[in-house]
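The hints should help you fit chains B, C and D onto chain A, whose structure is shown.
Chains as they are written, first to last, in my numbering: chain A, 44 to 391; chain B, 44 to 391; chain C, 44 to 391; chain D, 44 to 391.
Just so you know, not all the hints are guaranteed correct.
To be verified - Sample of chain D residues facing chain C (criterion: CB under 8 Å; computed from the structure):
no., residue
1, A138
2, E260
3, E266
The hints are simulated quantities; they were obtained by calculation from the structure and are not laboratory data. We treat Cβ as the ideally placed atom computed from N, Cα and C, and that holds for glycine.
Number of protein chains: 4
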Amino acid sequence: MVIVMRNTATEEHIADIQERLGEYHLRGHLVRGEERTIIGVVGATIPLTLREEMEHFPGVDHTLRITRPYKLASREFRTESSVVDVRGIKVGGGACVVIAGPCSVESEEQIMQTARAVREAGATMLRGGAFKPRTSPYAFRGLGEIGLQLMAQARAETGLPIVTEVMTPADVDMVARYADVLQVGARNMQNYQLLEEVGRTGMPVLLKRGMAATIEEWLLSAEYIMNQDNPNVILCERGIRTYETATRNTMDINAIAVAKRLSHLPVIADPSHGTGKWYLVPPISLAALAAGADGLIIEAHPDPDRAVSDGGQSLTLENFATLMPRLRAIAEATDRTMATPLEVAVAV
Amino acid sequence: MVIVMRNTATEEHIADIQERLGEYHLRGHLVRGEERTIIGVVGATIPLTLREEMEHFPGVDHTLRITRPYKLASREFRTESSVVDVRGIKVGGGACVVIAGPCSVESEEQIMQTARAVREAGATMLRGGAFKPRTSPYAFRGLGEIGLQLMAQARAETGLPIVTEVMTPADVDMVARYADVLQVGARNMQNYQLLEEVGRTGMPVLLKRGMAATIEEWLLSAEYIMNQDNPNVILCERGIRTYETATRNTMDINAIAVAKRLSHLPVIADPSHGTGKWYLVPPISLAALAAGADGLIIEAHPDPDRAVSDGGQSLTLENFATLMPRLRAIAEATDRTMATPLEVAVAV
Amino acid sequence: MVIVMRNTATEEHIADIQERLGEYHLRGHLVRGEERTIIGVVGATIPLTLREEMEHFPGVDHTLRITRPYKLASREFRTESSVVDVRGIKVGGGACVVIAGPCSVESEEQIMQTARAVREAGATMLRGGAFKPRTSPYAFRGLGEIGLQLMAQARAETGLPIVTEVMTPADVDMVARYADVLQVGARNMQNYQLLEEVGRTGMPVLLKRGMAATIEEWLLSAEYIMNQDNPNVILCERGIRTYETATRNTMDINAIAVAKRLSHLPVIADPSHGTGKWYLVPPISLAALAAGADGLIIEAHPDPDRAVSDGGQSLTLENFATLMPRLRAIAEATDRTMATPLEVAVAV
Amino acid sequence: MVIVMRNTATEEHIADIQERLGEYHLRGHLVRGEERTIIGVVGATIPLTLREEMEHFPGVDHTLRITRPYKLASREFRTESSVVDVRGIKVGGGACVVIAGPCSVESEEQIMQTARAVREAGATMLRGGAFKPRTSPYAFRGLGEIGLQLMAQARAETGLPIVTEVMTPADVDMVARYADVLQVGARNMQNYQLLEEVGRTGMPVLLKRGMAATIEEWLLSAEYIMNQDNPNVILCERGIRTYETATRNTMDINAIAVAKRLSHLPVIADPSHGTGKWYLVPPISLAALAAGADGLIIEAHPDPDRAVSDGGQSLTLENFATLMPRLRAIAEATDRTMATPLEVAVAV
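Isolated chain A, as found in the complex:
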């Protein structure tokens, strides 16, 4: 930590700070510049509250942080890229995964038809919402456990592992009985009890970036999960909120590359939420892979104009099938492959 003094600061101001640092067994190294003095704080453990504390001291202009506040999630802690194993599918190991399926599970026919079609087209996992966070209390909120049972049935037939959202700590055990990957949604990225509860399961967790979360906050949320001895976190960029209204969110393509640089965790992208428009999903899927994403999560639906949620951003099954070879071309152009779907016998 660095304390930047005002140009009017006195020796007494500096002495007061040194005294307080001494109480914490810290040392303050003075660097006296032409315009102002700064104090570099050194010691075994710097209290998290020290910066706010120092901003009350007379003579202090502001303070600067030196270290990153997350550890387990950082590439400084672990240099090698992590690979998260989902029933044998490796996320982050150089083969790009595609997780596809409807926004919400609506019926047996819908999920089975979708699962078969996306499996046929080459998808590696199945997504589908049984518990849906909805902005309005009057919107459809999912089939609940019945939705999970239908997804399990789709997995039994197609071998596709299940990625599905859990919204509240009390539901974690139940959702974990069906899911292969627990998804924490953007609205819940800072629901800390939920993060700890999914952390405790030890299962793979797909952690969406919050709508207005910095990359640092996203990694701190990963840290909450990893701090429960669960290293199996998959980060998912899904667009951030900006002033632009032409798209539902602004896909932060930079964040994919930044997160892979700052962290060893695999990073995938959600172009469906990242754009909010089905016709933007193909170009942004290609872009995300090209930027280095380890995979994609894409909404696909047999009949998007009859979907009970997010139909506007869902691909038809035909459009999804058309997209897959284009994704493969990008993976190969960036020296990677597409992950191979599991055989049914392995998955079940």
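Relative to chain A, chains B, C and D alone:
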């Protein structure tokens, strides 16, 4: 709802849309302009998914929403301003309330000293966190139930009703046993299970606006609570996330006036989080009252440079006492008064 | 400047940096912490490009700036608040000024009627656009020099000094012949040739904050003007662009207080652009004064529903007259007064 | 245009609006819904100010726009994609162009060395700044006309056409004597006099998106240029300002695809400014091409750690050469080619 057709749309495109509207027992009124045709959709119940549905139809350029998605919270539903009663203190009735206290309850001495001082200065309620949402898993997260007990003790002595945060549905019953107002924090504004759970208590709920929530989303979250037959919602503007880094958040002063126009609910402001800097709290408190806020929630601490959380944005007790008469002057300049604290006998 | 090394940095990395610093006659003070080493850079003149330069050096994690990049505009350079004199009206001296008038000058009748009415209500200066920046090339762009002549005529009759926008360097001389205050609009806050040109006139300049400018960038634009030996800069907060769409812009009420803390320059507020809605102008005007603004610039029009620009955010003359005593009450509640309009003889 | 009435609006309110519409020779089609009435406005020419006007009428809740405010730039106006010809190089015709060079021209040696190296690596045009907009008045602002002469010398030797920025209307003629493409920078996207002046030259114009401009505003700025009978506009996405501070700007990858959908103009991307970090330039360049960009503009410098501006975001010449074949792979994976540089004889 209005469907805007492309300028290349054909009669067949329009007929397809009319057919689909007919399935929902809706009618589409055509308005043929010079450049394009629009379709005004009329009927008893327009499905929430209709807009996304229509965006898949050939010939459609985009769609526009006409109505507001919230009802119980809207001023069209209830013209008269609502007043929320907290043990006899009226929030929203023309007398401005001031809720003051530390970010976190830290010790008996700290909370008692603070409660006495803010009561003495004219505060109407006591704030204090026993359960703290923290960005980092390594930060202090509050004393838990012990913190609530200490606040109850402070209430017993000072008569100040308690405003405190509850973070997860499982804690609602316990927190409700101590609190007079349940606070839902910014990070939890879209934690829908929590909203419904605090709604079910029927108690006053202070609903902070999410860090990147639109005013509409904020009112939809109020709707979640009110939809549980709990009309006692107090809205709280606490700053939004923008590109500006000079302040922790950007206090959205407009939102105070907009929320009071769109909704009948009382609106208060949190200048401590809205600015993140103790020295900005006084001017922004004055501004919020002048803009029409029904009250303020302000962090005050006996020794902010030793606070375990958010010390940088807390006023000293002296600074808080100095601020109170200035707030009174603004209240009077805008034809209002300051709410009077309860007598101890009434509060307990 | 502080250079933060990676935790993997070697002594050779540090030596390379020291060598480069030596080329610039700078010294690097090492502070070796538990986790990483930082280098505090000290010397007479640190090149502006040094930070970017250092980010290419092996072993460097990132760099941090210590000093503020503006000087003339800073309160460290000049502790006492500046007062800008406009024909004898003091902006920034404790009496709040109100600049009122139409968005665009449209006709003799319109500007004369407006000038008389706002003068009668207590306004201190007259605003009006003769050169209008318009997002669309098909919108009305102002009457040009004729508009300026009409404003001069209004000044002759009412004694109100003129505040009007100049959009391009080539127009500065001509506009300066009529105006008392040259306004630089939000879109031109970083039009550096224009800033230097208005700087050279030595006249009072009202510098609007850019729509997405940080407070620091705003002060750097003031620095461009002041660097031409023109200290007469009036800062004007006019709302920033955020994700919120309920208002045209988000009035950054914090920025008023922050700018006054970082700079000695007077700061006024523009609630008309800051909100974009006429019905929000009164509460936000009150808030801006309460936050410490030295004045306001408000759009008023005899017939806003027939205005050729920005009618939606203009007050009627009646609404303006109603607002003035409420502003006075806030000024007095914050220990200030309202500036007194000039006598005609003084102004002309 | 659609006028949405309040649910409390009366027949008299509606009649007043119809009367006003009649004055403009417009008709209002009523659509009476269950909750509210809307009025679809139809007629030959709807005044641009009508929306603001209507927001003053009693009974009006709000208004909605139906049409796009730009015409010449829109794909509805011209369905086929435009191709801009720069000395025979086609921008937008299916072959991806790469414009490379230093942020600022610094010396003959620097620009010649860079031009040779990027030409050798396969770049199609040369970028370089002779007039630099700088946030601080104390920063290097470019060599001016000497810089242009040096670029012309580099063109003579390498055959690379020149892309360079012009900052103010008075400089347009002079810069146009040297440049092949006139660049309008992000800060000047709404400098309307400059837009019209570069429009009048009839030359190709590279129009950068403003730092906080919507896609619609960007296209309206293109409209300003095109309205001067200059169809040769190349759009350039360069990142927008958001709350995220890990990168200098947030590259809006969605905007590339959206702009190509809404407009027939070619769209290129600037990953150097879009990220602000040299190590992010390669992945984001690949992503931009994959999203459909017609080309890239990339900062490259022989010695970025000694650059006089933006060194932190510049690639070394080696890194640039390494990137080119990777770009080619993406172009081919998306069924396109890389544009071939001109022979020297053609270019000069």
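We went through each hint and held it up to the structure:
{"no.": "1", "hint": "A138", "result": "violated, 31 Å"}
{"no.": "2", "hint": "E260", "result": "holds, 6 Å"}
{"no.": "3", "hint": "E266", "result": "holds, 6 Å"}
When each numbered hint is compared with the structure, a violation occurs for hint 1 only.
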